[in-house]
Structure formats: C-alpha cells, structure tokens
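Respectively, the protein sequence lines represent chains A and B. Quick note on numbering: my numbering labels position 267 of the first sequence as 267, and the sequence is numbered without any gaps. Quick note on numbering: my numbering labels position 238 of the second sequence as 238, and the sequence is numbered without any gaps.
Hints may be right or wrong, so weigh each one.
[To be verified] Away from chain A, derived, C-beta distances all over 10 Å, residues of chain B:
no., residue
1, S20
2, S21
3, S38
4, S71
5, P72
6, G96
7, L99
8, K104
9, I147
10, D199
11, A215
12, H223
13, D226
14, W227
15, Q245
16, V251
[Stated by the list, open to error] Only some residues are given here: those of chain B computed to face chain A with a beta carbon under 8 Å:
no., residue
17, T50
18, L53
19, P70
20, F78
21, N82
22, F84
23, W86
[What the hints assert, rightly or not] Here are the simulated lysine to aspartate or glutamate pairs, EDC-like style, with alpha carbons at most 20 Å apart:
no., chain 1, residue 1, chain 2, residue 2
24, A, K170, B, D73
25, B, K219, B, D179
26, B, K180, B, D27
27, A, K170, B, E54
28, A, K170, B, D179
29, A, K170, B, E98
30, A, K170, B, E167
31, B, K110, B, D125
These are computed hints drawn from the structure, not numbers from a lab. Heads up, the beta-carbon is just placed ideally off N, CA and C, and yes, glycines get one too.
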Amino acid sequence: MSEIATGASLPKTADGTGLAHRLRHNPWVLRIASVALLLIAWQLFGNRYSTSFPTDVARAFPHSFVHDVVPALGDTLKGFFAGFAASIVIGVPIGLLMARSRLVELALEPYVNALYATPRLALIPVLILWLGIDFQMRFAVVLVSGVFPIILNTYLGAKEVDRNLLDAGKAYAAGELQILRTIVIPASLPFIFAGFRLGLARSFIGIIVAEIETSVLGIGNLINQDAKTLRFDGMWVAIITLGVLSIIFSTFLKRTEAWTTRPWERKGMAPWPFRR
Amino acid sequence: MLEISNLTKYYGDAEVPALSSFNLNVDTGEFVTLIGPSGCGKTTALRIVTGLLEASGGEVVVDGKPSTAPSPDKAIVFQMFNLFPWRTALTNVAYGLELQGVGKKERLAKARQYLDLVGLSNRVDHYPNQLSGGQNQRVGLARALAIEPKLLLMDEPFGALDALTREHLQSMVAQICADKNLTVLFVTHSVDEAIYLSDRIVVMGTPGRVIGEFAVDLKRPRHTYDWRATPEYAAIRAEIWRLLQAELAQVEALTGSAYE
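Excised from the complex, chain A in its bound form (with noise of 0.2 Å):
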C-alpha cells in the first residue's frame, strides 16, 4: 500500500496528517528544507571569529578547494586507498582461513581479539616514529584501522555459514577449495561488506587524526593549520568535503554489496554503480 500511495495521488488537504503523509512520501522536501533551516540559523546567529557564514564559506569555496583541499587531499587518498586496499587484500584471507582452519584460528584468535577491542589511534605515535611522517605511515595507520573489521567481520561470516548449504557442497563432492570459492565466500559476503564498511569508517579517522598529529601533510593537517590561524572559510571547506567524500565511499560500498549479495534485484536496474 506505502507503495502505491505516492504524494502526487494524495488528495489535497489542509489538516496535518494528510501533510506529514505527503512529506514522508517526498523524503527529499523535508531534507533539503532541514539543511536550509540549518544554514539559514548558521548565518543568523553564526559570527566571524569563531564560526564563519555559510556566504563567507560559499564565497571562500571555489579558491580554497581548488587550491588547498585537493594537493592536501591528494598526499591523504594516496595513503588511504593504498591502506585500505592492502586491509581487503590482507584481511579477507585471514578471516577465510581462520573460520575454515582450526589451527589458524588458536593461532591468530588472541591478536585479532586484542587488537579489535584496542583503539587503534593509540598506536598513531609509534607508528610515526617508526615509518616517519610520509606514505609509509599513512599507509600503516590505515591499515592498523582497517584490517581488523575486516578480518573479525570475514571470520564470523565465514563461521556462520548455513550447514544445509555445506550439506549440499560436501554431497556433491566439493573438496574443501571449491566449498570456499562456491559457498563460503558467497555466503560471507554481507558481513564481509559489513567489514568493509567499519573498516573504510574506522581508517578515515585514523589517517585525519595521523595528519593532525603530525601537522605537515593531507587535509588533517589542513584542517588543524586553518582552526589555528582562524582561517575558518578554507576550515569548513575542508571539512564539508570530507563529509561529501564520506557519503560517497560509503554509497559506492553500499552499492557494490548490493550488487554483488543481492543478484535477483539487479533486473532492470540501472547499471552498477548508478543505482540505488
């Protein structure tokens, strides 16, 4: 029925349950009008030594993102996408052969317990005395952030898995490869995506808190040098296309896992990644 009612087909009236029913099926009014809520209060009550306005911000925007962000994005996606590869590439692996071997898994349990319930910013400053204040140690603190998620997430899917379905693997003589490759990655990927998706958050903190340690590179460290100076503007700017660049990562993830988990809803869809 929610399905069928669509706002355009409501009768037009004037009391408030027949407004709240149209609103909810226009998601997009209520969301653009509480942003604008925000921005307008932003501007009223906002002022120049603490908070900028979001005219100072729009104003400041096209100089200081084309200027600053993107070179200091540049040197932070580097270590990030790098990082955050080498956590999947690592991390999956791991996880499958923790659930699928019992030796691995004795072996390895304690570390992966430890080191998922430590938080990983408090390894930030030794890693940056070990691997300086470049790439390198970038590159470790995403993947201290992120392979963690990752291997606890692939490891309890991997456990996880439906028995009947094994039944069927093992009846039709799957030897143990082919039960991995037909019936535990598949029937993983969801937490394995779940992994994905705490392990891309968790290494987005990580490498913004590195570069705000170290002060030298990436848009951490822009961010830190513009609250400094009260340079609010280019602060803002900063921060907004992080938060944009967050809900991009995070849809394309959403999308792939989607995709790739959810194979009957594909038909007639618009082509992956464009649609939602």
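Knowing the structure of chain A, use the given hints to seat chain B on it.
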C-alpha cells in the same frame, strides 16, 4: 547396485545406536523407500550412504565399490532443498557438473535440459527466493539428476511442501525414475507416498533396525488409475500401519507415554 551390510552408527558417546546392524540391498532400477517414526535412523542411514556421515561400523557398497565419501555416482535431494540463494535455477542445477570440471557451455546446456525435464524451462534465470517451494524442490531434483548419478538419494524431499504440490511432484518423480530406470533410495514419513512411489518398502524401528519389508505390486504407471482404490493398496497400507503402531506403542511403553 547398493549393498548396505551391518551398518552401525553411534552419535558421540551415545549408548543407544542410531543404527544397529542395518542391512539393505537395492537392485539396479529399483525404487526402495525407508519409512519409520522420527528418530528411527532412516535419515542417518541415508546420510551415511551419501557420505555426509561416517559410519561407526559396517559397509556401504555402490556399484561394486566400497563407498565412504560423497562421489559423483551418488546424488541427493534434500528436504529443505539446500539451494544456493545467490545462484539462479540454471547455475544451481549446473553445480554438480561445475564441481566435476565440466566446461561452462556443456554444463549449462545440460542444466537447461534437466530444468526442462522438471518443467521449469521458463524459470531458468530465477533465483530460489523468486520460486515457490515446489519449484525450488524441482530445481533440487534437477540438480541431482544433472550429474546423472547411478544412485539417487532422497531425504523426505516433499516433507516441506503442501499436499497438492506434493502429489504433483510425486507423480513427476515416479515418471522420471521409471523413464530413466533410476536406482532410488527414498526416505519418508508418509505411508501413502511410500506405496505410490516404491517397488519395495522397508519399515524401520528404533533403534535403527529393519522391522519389516514389503514389495509393492501395484502396476505402473500408477498415476493413470486410482491406485488407492485397489485391494493391494488397502492390504499393504494396513500391514505397514499395524507395524508402525506396534512400534510406536513399544517406544511409548519404554519412554513413558503421556496418555496413561
């Protein structure tokens, strides 16, 4: 074709066996059904023959060779279908052939052929969650048939289906098995299903032993006449019921019935 001798199974440290000295021979082209109350070991026997369970003692011989592990000459149809949700009907059916390393073109062609046989040629690209229970079990049946096994094993394959679908699939299985002269070991709770499908019915009792065997002499094909109206049906049904009731009474006497 299938020779089971002195098969015994204890689960873990259990003192009572799930199967004790279970013996059964199935000839080529014969349809044999195991029937019995819950917990009598019929599914255990079937899983050992499939190779999903290890026996504690005894031997299973398929086509002259000892059988202890799953192999491509045996195929099983599961009660809960056990289809892969991320595969289409077609690639689910092609699964066994894929494991055997059959080329993509060849295995898909064969899968198509078997989906056609079970009447699903118009559902080839559907996923299990887009198919009904009956359709899913037909995919399960096609998956088993596609590897062209010497021995077809079916573990209460229609237990999860409604009565109408059940009857439809029963006659489909009966016809396919007759056409292809398949050797079948079938497990069920239903006396009628056993009579309709089988050449021979083996009644099991706890703990895991054979308590009766009946040849079903109703002429085939059975879907062409009202087989339930025949005196043979009435007779065999009455005998199997008597045996099962006696068995149930004995179990209840041992465990203490709620009706006393």
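Hint check:
no., hint, result
1, S20, "holds (24 Å)"
2, S21, "holds (25 Å)"
3, S38, "holds (19 Å)"
4, S71, "violated (6 Å)"
5, P72, "violated (6 Å)"
6, G96, "violated (4 Å)"
7, L99, "violated (5 Å)"
8, K104, "holds (14 Å)"
9, I147, "violated (7 Å)"
10, D199, "holds (24 Å)"
11, A215, "holds (29 Å)"
12, H223, "holds (29 Å)"
13, D226, "holds (37 Å)"
14, W227, "holds (32 Å)"
15, Q245, "holds (33 Å)"
16, V251, "holds (28 Å)"
17, T50, "holds (5 Å)"
18, L53, "violated (10 Å)"
19, P70, "holds (4 Å)"
20, F78, "holds (7 Å)"
21, N82, "holds (4 Å)"
22, F84, "holds (6 Å)"
23, W86, "holds (5 Å)"
24, K170/A - D73/B, "holds (14 Å)"
25, K219/B - D179/B, "holds (15 Å)"
26, K180/B - D27/B, "holds (14 Å)"
27, K170/A - E54/B, "holds (13 Å)"
28, K170/A - D179/B, "violated (28 Å)"
29, K170/A - E98/B, "holds (13 Å)"
30, K170/A - E167/B, "violated (29 Å)"
31, K110/B - D125/B, "holds (15 Å)"
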